[in-house]
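Protein chains in written order, with our numbering: chain S, 272 to 638; chain U, 66 to 418.
Just to be clear, a hint being listed does not mean it is correct.
[Stated by the list, open to error] Taking beta-carbon pairs under 8 angstroms as the criterion, some of the chain S residues facing chain U (in silico):
1) 281
2) 322
3) 493
4) 597
Just so you know, these hints were derived from the structure itself, not from any lab.
Nothing here was measured: the structure is a model prediction, and the numbers come from that model.
Each residue gets a CB set at the ideal place from its N, CA and C atoms; glycine is no exception.
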Amino acid sequence: MKYLDEYRDPRLASKMLKRIAERTSRRWTIMEICGGQTHTIIRSGIDRLLPDKISILHGPGCPVCVTPVHIIDKALVLASRTDVIFCTFGDMMRVPGNKEDLLTVKARGGDIRMVYSPLDAVQIARNNPRREVVFFAVGFETTAPANAMAVLQAYRDSLDNFTLLVSQVLVPPAIEAILSAPDNRINGFLAAGHVCTVMGYREYNPLAEKYLVPIVVTGFEPLDIIQGIEMLISQLENGTCRVENQYRRAVTEAGNLKAQHIINEVFDVTDRTWRGIGNIPLSGLALREKYRDFDAEVRFKPGDTVACESSECISGLILQGAKNPFDCPAFGNRCTPEKPLGATMVSSEGACAAYFRYRAKTVEKAG
Amino acid sequence: MTMSDKSRKPFNCPLPISDYPSILVAHGGGGKLMHQLLEKMILPTFSSSFKNNCHDSAVFEIAGTRLAFTTDSYVVRPIQFPGGDIGTLAINGTVNDLAMSGARPLYLSAGLIIEEGFPMETLWQILQSMKQAADTARVKLITGDTKVVDKGKGDGIYINSSGIGIIEHSLNIEPRSVVAGDAVLVNGDLGRHGIAIMAAREGLSIQTRIESDCAPLWNSVLALLSAELEIHCLRDLTRGGLASALVEIAETANLHIEIEEAKLPVREDVRGACEILGLDPVYVANEGRFAIFLPEAQVSRAMDILSNAFPDLAPARVGSVYGANRSAVTVKSTLGVARILDMFSGEQLPRIC
């Protein structure tokens, strides 16, 4: 398939891997930020093709995983209301809150609709003027422009039955939280290509300078990731700490200015809680005062719950790169994708779910 | 637990009620939850009646003649989709379940459950599709039933169909017949039906001309049988796709099946849609595709037969069966690393990004 097979070419991959092996003189620990990259790495087995000296840790870049329990609980409350049509991306459906998930609410009769774009939810609101339509606005900088656009459309059309339940998070503050942790052991980052398609990569320069880590903006196909790793290793071996762009076919330094403008028009930066990690200052987005009428939390006041996370779950440590899924005694027995104990097992992009799906039964725990 | 609870234990639900107090859509999705439901509740309840419960139809003998019997219910939405409708599915699906036991499909029944207010015109179209599909598959629809439920108590129309076929050879075509050294073939490109349905479903506005692969499979099976190939197992790749079919067979046969990602036939437009939706084509449903297990030495003959009979389908040899002391399905990535291929848990849900 054009524009796809080129980035999965096994011969090119083995050439690059050979160069990486020749180049690597000492132990390096690198982290990919994005869940999509975690998925590619585990699915195509890239981590197993790298020299033993390179360890790959999986970062907090899965929006499904890091959406906090109290927000999921609010989603469940709203989705249970008979006057509400609750619209969500598919993979939020089985993320457990304190007691249940959206699939269970749907089974009880909740009107929950899977959509592929927030603009579809706006259309549902137009088509159902007597119902309240709530869209679950989850994600990183990648989903923010479309979610913002939905609000702008609803504002323009004076739709009074459309709201967002917002749980938008931002990548750079999460990287900073990981780097500033006292036990941080990450030497370099693969930054998330799609996020940078929107935001560009200027905001990563201060992080690279302050914490002396190289950061390579990387795509999602196997060859993208292998090349990103090669660029990272080359910087680490040379002792440089720059921000580089592997994903040049999609990302520019300034990013998509129009998308950024829309985000800034609708959203303001705010503190956000990350499931498994906790509160990170200025790490998320909230609707600006002008668009408060479109905030489902303001309109419906769904109430706050306190998250009762499993004390056994180590997803917070996994999301911060301190532990590997196989370090967890509950992995694969008490914690599975059907009955996840915590964040990283719930989405197919979570590190634990990826290991469970592709590695669990191979018993080769070496990774 | 009190004594009275204990005394009631035989009647307790064997699925821990705390897990799922009510049925989820995923309990019928062909993945893990459905298998839990089958294995923990349905099969044990009727264990004496299910002799070969791990295959698409039950095979039994009457007066020296081996017959195959199967039933299936069709609840597809939308009712009409590119390449077919619920009527086409109801005939082909049941015909194919019989064919997968190597049985020549003979007679079918059809039960229609129609919701009050259902358009007569659509019902007529569905009946015509059923007739056309039955004629193509050379089966006779000889008995049936019609019920109408109140408005809001059904989703337009549901169809159940059962079928009887006759086995005219001495092979035991079933998962337990698969042995190490077998090759795994598929009769054509994967994923068209699932993507066609998803594209037609409300709320997904990707522009696509992908049509369902819905088709009767008996002619393909007959062509293979007529060549006296030693077929060990056949399995149609419906709900849960190739992955779920292989996992089930590997578990029943207690063998290791390995497939190669690079050899899976998937049409470009289907691959494109899967990439956009974050779906893996090996889990996407088909309605006219099946896997064939036969000895390595017969692969080229089988491929010739399939290619000649159905030149536009791109049949492919996708993997091999190995001996193992544990059942597993692995898939070798394009980079040459093997990973586990598991049954999907729950429904396959499109990803955020």
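Structure versus earlier hints, numbers of those that do not hold, lowest first:
2, 4
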